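A.B. asks: In case you want the letters, here they are:
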Amino acid sequence: MRQHIRFYVGDTLHHLSDLPPDLTLLDWLREQQGRTGTKEGCNEGDCGACTVLVGRLEQGRVVWCAVNACIQLVWMLDGAQLLTVEDLRGANGQLHPVQQAMVDEHGSQCGFCTPGFVMSMVALSTQVDLAALEGTLDEERIINEALAGNLCRCTGYAPIVRAMKKAATYCASNGEPIRARMQEFITRLHHLQDGATVELRSPAGRVTLPASTDALAAAYAQDPAAVMVAGGTDVGLWITKRLRQLPHIIAVRSVQELHQIETRPDGALWIGAAVTYTQAMPFLVSHLPAAADALRRIGSTQVRNAATVCGNIGNGSPIGDGPPIFIAAGAELHLRCAQERRVIPLEAFFLAYGKQDIRPGEFIEGVCIPPQAPGSVWGVYKVSKRFDQDISAVLGAFRLVMAEDGTIQEACLAYGGMAGIPCRAKKAEAALLGQKRTQATLRAAQAAVKEDFTPLSDMRASAWYRTTVAANLLARLFDPDARHAPSGAPTLQNWQELAHG
Amino acid sequence: MVDPHRTAGHQTPAQPDLAGTQPASVQQGGEPAVVGGASSSLRHESAHLHVAGGARYVDDMPLPAGAVHVALGLSSKAHARIKHMGLDAVAAYPGVICVLTAKDIPGHNQISPVGAGDEPLLAEDEVFFCGQPLFAVVAQTRHAARHAAVLAQVEYEDLPAVLTVEQARAQGSALVCRSLEMTRGNAQQALAQAPCKLAGQLVVGGQEHFYLEGQAALAWPGEDGEMRVCSSTQHPTETQHMVAHVLDRPNNLVTVEVRRMGGGFGGKETQANIVACLAALAATHTGRPAKLRLDRDDDMLVTGKRHDFVIDYSVGFDKQGQVLGVDMELAARCGWSADLSGPVTDRAMFHADNAYYYPDVRLRSMPLRTNTQSNTAFRGFGGPQGAAAAERIMEEIAFATGLDPLDVRLRNVYGTTERNVTPYHMTVEDSIAGEVMTQLAEDCDYRKRREQIRAFNRTSPHMRRGIALTPVKFGISFTATHFNQAGALVHVYTDGSVQVNHGGTEMGQGLHTKMVQIAMREFGLPQDRVRITATTTGKVPNTSATAASSGADLNGMAVLAAVRTIKDRLVAFAATHWQVPPEQVRFTAAGVGVGEALVPFATLVNAAYMARVSLSSTGFYKTPKISWDAATGRGRPFYYFAYGAACAEVAVDLLTGENRIERVDILHDAGQSLNPDIDIGQIEGGFVQGAGWLTMEELFWDAAGRLRTHAPSTYKIPACSDRPRIFNVRLLQNAPNREDTIFRSKAVGEPPFVHGLAVLHGISDALASLDEYRTCPRLNAPATPEQILRVAERLRQHGGVKDEQA
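So the sequence lines, in the order shown, correspond to chains A and B. Counted the way our numbering counts, the first sequence spans residues 1 to 501. Counted the way our numbering counts, the second sequence spans residues 1001 to 1806.
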């Protein structure tokens, strides 16, 4: 058992042992390392001013992820390579192409959000050859997605996007400096992978980073009061905003087995507890194509790089976007307590607001999404005040199975934001079963869905709005304009494509 | 002709000879102008630092040894008497040094910026809003201070709270300051006699500044009562005065310094004082440097925001859409104290005409006191709210007459020789709003696109499009005339490098860059020879806030005055020294022309130093021509107006109310721009901020008066994908300011914010399609998806305005 963590910041290897469980990466960087280029804007992972780059070995390569340092805990960096804005200059002091483009294009005004933007832009430039997409809608979408987690109050984003495109063009012909150092990073990170369980102790508490599922199960069974942390995008806020003390944290993402994501022989998709949304995204998009647009709007790039799919389920939030989608897909949740395992339908996991079907010491091992029957008709719609990186007022995830004769054979209408838990609109489903997809059926289902829910009014939306939208979204399932499946129904997400062709 | 190189027979400067190495660009008066000098584009003076993490903000400064940290305890009640403040647990928390309350303030517990005496720094026996600072915890670490602060046990006795404009009006709540009335002609008579008239109400929401850098200050106690404060403030002089006032010391013991802010937008004009004063208070009590940086949630709970308004209007007009009379009452939620609500509500009225002539008019403000955060300056300073009312009136008339709203706007725009007097009796001498609108409409094909959009809407069940073109005319000057002054201090060192100081502050708007550019242009020096320094009350005293878009106008002229004073001395010296007529001494990019010879600037400077010529000067400027008398509602409060127009095309999903800005075209008047790239950046950013205010940014207080949108997780400012899909911004060409401003430029900070109105009206246009464009949708702001869906439902069900509160 190792009793310290090891990671690189720039070219310096750090060994840390006496580490409070709740010390955030941002505070450590700014207060203990004097790296003040990384800024605190909100301390809750929403503004992106604290964005840093974390590189990890994945299948023999280094994968760079932009994450919010304010809700990363330092111990999460074990085995990683961290780069902050101070690490981007080249050997002879020249700016990274992204930095230079930001200067040239007036991408900074007050400059406070700028380091965070630069890091997100550098992350993108290590991942995608944007220049190959020049002038396409994909280029726009990819940039918007990469920058959705960085707020700027000065520029209106236009010059930042110009800078991103300019940097991409430069990198296309001259190479991206961090990618150019790939072999060096691979070598140094290889040396840090020892597969050991790590236990950190400090006067403020301890952190257990188990190396195996068995070790995790044992540790949690022994101390069910411990807090399980996967990506920390929720628990981070307990620390930074609710000022909670966490005397014992058990990490999920140190367990290699839980990083498993695969399509099984029967066509089901398995997502282990440690798999982030970013890692799951290609699998989810291919498994549930209709959900792609909504999935891309979960959190921001930084949040999806840290947050796990199972964490999104495990925290039991009524406004998490993943659960309604997975409920509509008929997902099953795999739970484990010590050596005992059980499997439950995902929708059964959510009992009431803040209450889930989970026992002390029990944890999620993974979620399994069955293959979707041919002929399934899907529609997944997220509605929020702001398009990107906002919590849903309503999320509707709908799946119909049509019979040969055009009647609705199976209906699953799952909603988020409509009740204390993510749940199905059972009356509306009943109104659809056995009916044809006609406007009369739609009206019956819309009337029924208003019976299904009595949502709350809060700062995101009133009960009236939620109910009205919950009903209106069903219209998209019946939209005569939908050229193919309802996912082709016009929404503002596919509007650009519609308007332009 | 003498050869200056030979006759200057002393001290060869160590600097390399700059002559001939400087690239020349624009020819000005036959001389090569400096690349990047004023009136040409130059990158932001700190851009290379911003992108590399090297730009230091208050929180980034290396902490002095022994520094302590401050956190605040806040009221959890909107209005209550404090029965008991239990602070034992706070004081006992490990690492806590002391807990400071109102009783610990050595001077005055009062920071009203207008001397209203209604704003205690720390609450005494009563709290007036939820979020009001009660006490300050001083601890060894910020972590300890924050954790300790939440342990307070405060017992309250609830008092009735007034939260909204409606409640304040219904309960006859007090005003925070006097109401202002502006009248010209006889509005009542004009309304009575008008062939058409209508009345309505516009509700326009507030806005959180959401500067990315929160409020922060670091205070160092010095010897003999001195206090140095590094503050993220837009108004160092006022911060200085407030710290002195709270500590009961003369102003000369307090020095306030600000290198840069991470955004301000008005939110650090007065609100920075709270944090600076509390940091200084902690420093005084501990004798140690003290830092207070608010957590984002606390920042949003404590500080004031843009005023939300309820504006009731009556308008009389003729069938051709011409306004005959306007009567308006502008009621604002001001919050618990006066702060700047007086001048803010005044400016709402100054812009309640936007770009339009009202023949007979009466405007009244109603600055209402409420138990909410004390609303404050925010880019536009009430002007955008007033302009929103003017645009609603134009829209109402368009629907009532069936005219294109653009035609109604053009019909009512200010003339230059007639129909050119404002409600405050100022003659508009420079009106170009009509020309700007007309040119923009042609450039962006407004009329054809409008027809196409209407055709599209006829066949699209759920997705609707809309388009609108709105103007802005924005008055430039502080309406409090005495603020229209500025100072600068310029030093030339013997190596020929220059240091520029002035009273303005840098918050991202590029003010420091422009000031550098002025010195570059005048001295013929490249950017790396001109250094701007932190703004400090020790160098330039008695300054005005960097606000009212006036930063470059005022400080630019002051810098110019200082530079010219030094230049005059150098010219006189050179003329004598090298025996040439003074008019033959010229400062060019290639060096100083002395007769037919070129002298490197450094050579001249060093020679002047040896001859005991002063190389340092202050500069001072006060805006000419302006005056304003609030008592009579008359005067010329503005030196000039800045103009522009925006055309926005939007798409609205009628199933959900979601919306998106598809295309925006802006034509904006920056006069002869000091820096076109920076000005375009101000316009792009101002537009998006304005559009955010009018669409997604919603402040939500619960029934107990608690602000529930107090972090970016709940309060949504525009993100990257919210910028317009197509975004064309151009500066009006060949349009130098008619007034003698700094190199004939115009102020550009606030005016572009108003362009956001085109989005609100574009959405409104899309909604109007539901009713075949018969009914004015009366879309209020913010036009959130919910607000849009409500209006859509109303238009579908009633096709009219009867149910406007739906």
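Read the hints as simulated data drawn from the structure, not as lab findings. Remember, it's a predicted structure, so these values are computed and weren't measured experimentally. Be aware that one or more of the hints could be misleading.
Heads up, incomplete: computed chain B residues facing chain A, CB under 7 Å, no partners named [said to hold, decoys possible]:
id, residue
1, S1046
2, H1050
3, D1060
4, P1064
5, F1210
6, G1222
7, E1226
8, R1296
9, R1660
10, T1709
11, K1716
12, F1727
13, N1728
Idealized CB from N, CA, C, for every residue including glycine.
A.B. asks: Evaluate each hint against the coordinates.
C.D. replies: Status of each hint after checking the structure:
1. S1046: Status holds, d = 6 Å.
2. H1050: Since chain A brings a Cβ to about 3 Å from B:H1050, closer than 7 Å, the hint holds.
3. D1060: holds (4 Å)
4. P1064: violated (14 Å)
5. F1210: holds (5 Å)
6. G1222: violated (24 Å)
7. E1226: violated (26 Å)
8. R1296: For B:R1296, the interface hint holds, since the closest Cβ of chain A sits about 4 Å away, which is under 7 Å.
9. R1660: This hint holds: B:R1660 lies near chain A, its Cβ roughly 5 Å from the closest one there, short of 7 Å.
10. T1709: Hint holds; B:T1709 Cβ to chain A Cβ min 5 Å, cut 7 Å.
11. K1716: Status holds, d = 4 Å.
12. F1727: holds (5 Å)
13. N1728: Cβ of B:N1728 sits 10 Å from chain A, so the hint is violated.
Comparing the model with each numbered hint stated earlier shows that hints 4, 6, 7, 13 do not hold.
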